[in-house]
Amino acid sequence: MSAKVFENKHIISMRDMNKEDLLYLIDTAEAIEKGKIKPDMKGKIAALLFFEPSTRTCFSFESAIKRMGGEALLMKGTGSTSVQKGESFSDTLKTIERYSDIMVIRSGVEGSARFASEIVDIPIVNAGDGANQHPTQALLDLYSIRKTQGSLENLKIGLVGDLRFGRTVHSLAQSLTGFHPEFFFISPPHLAMPSHIKSGLAREGIKFTELKNVEEVVPELDIMYVTRIQRERFADQEEYEKLKGSYIIDLETIKGAKAGMKILHPLPRVDEIATAVDSSPHAYYFDQAENGVYMRQAILSILTGVVK
Amino acid sequence: MSAKVFENKHIISMRDMNKEDLLYLIDTAEAIEKGKIKPDMKGKIAALLFFEPSTRTCFSFESAIKRMGGEALLMKGTGSTSVQKGESFSDTLKTIERYSDIMVIRSGVEGSARFASEIVDIPIVNAGDGANQHPTQALLDLYSIRKTQGSLENLKIGLVGDLRFGRTVHSLAQSLTGFHPEFFFISPPHLAMPSHIKSGLAREGIKFTELKNVEEVVPELDIMYVTRIQRERFADQEEYEKLKGSYIIDLETIKGAKAGMKILHPLPRVDEIATAVDSSPHAYYFDQAENGVYMRQAILSILTGVVK
Amino acid sequence: MSAKVFENKHIISMRDMNKEDLLYLIDTAEAIEKGKIKPDMKGKIAALLFFEPSTRTCFSFESAIKRMGGEALLMKGTGSTSVQKGESFSDTLKTIERYSDIMVIRSGVEGSARFASEIVDIPIVNAGDGANQHPTQALLDLYSIRKTQGSLENLKIGLVGDLRFGRTVHSLAQSLTGFHPEFFFISPPHLAMPSHIKSGLAREGIKFTELKNVEEVVPELDIMYVTRIQRERFADQEEYEKLKGSYIIDLETIKGAKAGMKILHPLPRVDEIATAVDSSPHAYYFDQAENGVYMRQAILSILTGVVK
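Protein chains in written order, with the numbering used here: chain A, 7 to 314; chain Z, 7 to 314; chain H, 7 to 314.
Only chain A is shown next, with the shape it has when bound in the complex (with noise of 0.2 Å):
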């Protein structure tokens, strides 16, 4: 890994890392999916603070420190905590830091883990914080388009549904630039990917297309991430509904694809893709959940120095 990630000891944002760093997991998380490298995590405890709910990611995590045997510690919202008798966001991090090993953070709140890895000196994950950055989901997703293409070089990949809010896409999109890849943003107008990441994108020499329309891209794509249109960023609810159908994905729309084209979905999906296409060759997502596992647990025996 890059000296700045090595010796820090910390995964906050996707803007850290360099391409050398994203390889370097990429492989660890295989060698472990292939059982070539079985990080033994014995004795050590992560604390898993999730201030706001996320089911899956938490299990995630929670399922890739067992497997390798050690322990996690849950703290879920903040209801049974010491922030009710008047504690400060700061000793709550200091004092959990002296119960475990590495500790990873949820949070409603923007820079809420690169605020804990500046307070405490044990490795800090960012298991999503707030619009801001979700890094382990955009490393899982990167994983998972390598397994299934062989490479991430060159690829044209599809980014469909609200490219707007969803931080993933973001994250994703600007994890891919070192690897020359060719994209298409499917969204309705109001849901378009943000001028800031475009800008990027463009200064970096990176293709891209926006389109209305997935069926007419279909037939190029190596990869189709297909994000869900989340009713809570709707301030109104009529225009929630109006949208939410117009980028279901059925065994129609994908009729033309390549015989090696993915369907990628970070999850939990609503009506987004049809539950017809679960059973396609080129449903992903439930695997692209697998991956998680394996990308979580080169993640946490590396920040440990388990793995090096």
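A few of these clues could be false.
One copy or two, it doesn't matter: identical chains are merged, so the pair holds either way.
[To be verified] Below, computed lysine to any residue pairings styled on SDA-like, alpha-carbon distance capped at 25 Å:
hint: 1; residue 1: 40; residue 2: 30
hint: 2; residue 1: 40; residue 2: 288
hint: 3; residue 1: 48; residue 2: 312
hint: 4; residue 1: 153; residue 2: 57
hint: 5; residue 1: 204; residue 2: 215
hint: 6; residue 1: 40; residue 2: 244
hint: 7; residue 1: 100; residue 2: 289
hint: 8; residue 1: 100; residue 2: 80
What the hints contain is simulated information worked out from the structure, not anything from laboratory work. Nothing here was measured: the structure is a model prediction, and the numbers come from that model.
Fit chains Z and H to the supplied structure of chain A, relying on the hints for placement.
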């Protein structure tokens, strides 16, 4: 085990198991209790999905997996889950499948565990689905009966209390049919054993007698199985108050019992067994709870293929 | 350990332990911290029953058992328990006894842990019973004092803040009596050390002085033990607001302190110690929290017979 259960790798209903299956499970529980086999579940993860609260069943499974060196992922209620984000039950199951090796499901909805077994590829254990089945309770009851009586054959068994809504006594009565029991059903008329259970027993040639009063039959019994008269099953709270004290077992009640007669109860108890009975040699309900851990160790280790 | 504690296998109250017991526990905690003994709790299960919320005490026990390879069963609050179904506290204890090897109890009701120790046959640890006792806190405080001062003998100890309701300072004062301490009690008049504690100390010939102002005694102290002025102990919120800032320790306060003087605090802190103090060499409260894990490892491993 019979082909059916062995191949499916699920424990959903007592109706799926034949005599051979039951004895195999009981023998395995006994071997684990006696330390003759020590299943090693290291690195194996049991997802415990308790959509309905049940402290003791959940703790019993947790204790079982952890005593064998395995680990648990706990999902309690639906409060902190992706269900809130609009995810289907089916997607929740298919995702958690990727994080675990076996799934234990407790739900208020009949058929949940059966449905799960059709959706996922890992073993499913039904830990109670509404008023329907609770097979692991029936199995630990059978283990407790054999352990105290030496055999399951030719026993005289009294079932006392709420025989109408108590799924435990239904499962128990059905699963004993292969062992030539004689039953005594002791309940208020409103809470009598349902006709479909009685006609089923009659078809199998099983002898049973219905009584209003437990005293008259006490000297004959090998097992007295007492159930709670559950407040939550009554629409009319007055009727509950009137009936709840009718079938209280105290030291007076069991005066003429055989030396080896044991009192079982699925717990929690409210006041249907006087606490004075706890120190009697007939009291067996807390030992029965402990037997649940050995039976669940047997179930988890057999279904995951750790014990063969 | 003394016959009493050793035979009973419980830690309920500081009053049950003599000087020899205390030193045995402290020596064991030290040996565990230094890696001289490595208790193996594999397959052993600690039931952590936290009927009252307490994140850090619960995490500390969880970390302790898991660092030794053991496991925890967590019961928090009473929301999801059989208590809702009308079960008695006694039956809950007798059932959980069958799922675990040692039980840690936190409750708002005085005497809960003592009651439990009379009901079940496995070891009980009191993790705080209302305003009464919190012996594992007192034990980790003693360990912290000895670790920083080299000995528990002949120390000058200031107790600052709420000395009336703070069970921590009561237990600490009582448990130090065998080591010839000199105490300074610094508190608002309304929150002074209770008479029964003071007369107890007087009977033992322990020197103590009551002061309103901490500054005048700072240069003499080896240990300054600061407590939170707990909002929940006040009926009158105005009185709380008036008093809460009275005993704030900042860098100015501790200017003339001895080089080795250490500030302890049971945490959580609200604002009784300024955060600027955290980076001073006198600040010891987060180390103290870490010491809690070693002390609880000692307690759990001694009571279960793993360490002898």
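Evaluation of the provided hints:
no.: 1; hint: 40 / 30; result: within (15 Å within a copy, 35 Å between copies)
no.: 2; hint: 40 / 288; result: within (22 Å within a copy, 50 Å between copies)
no.: 3; hint: 48 / 312; result: both (10 Å within a copy, 19 Å between copies)
no.: 4; hint: 153 / 57; result: neither (32 Å within a copy, 35 Å between copies)
no.: 5; hint: 204 / 215; result: within (10 Å within a copy, 71 Å between copies)
no.: 6; hint: 40 / 244; result: neither (48 Å within a copy, 63 Å between copies)
no.: 7; hint: 100 / 289; result: between (43 Å within a copy, 13 Å between copies)
no.: 8; hint: 100 / 80; result: both (16 Å within a copy, 23 Å between copies)
When each numbered hint is compared with the structure, violations occur for hints 4, 6.
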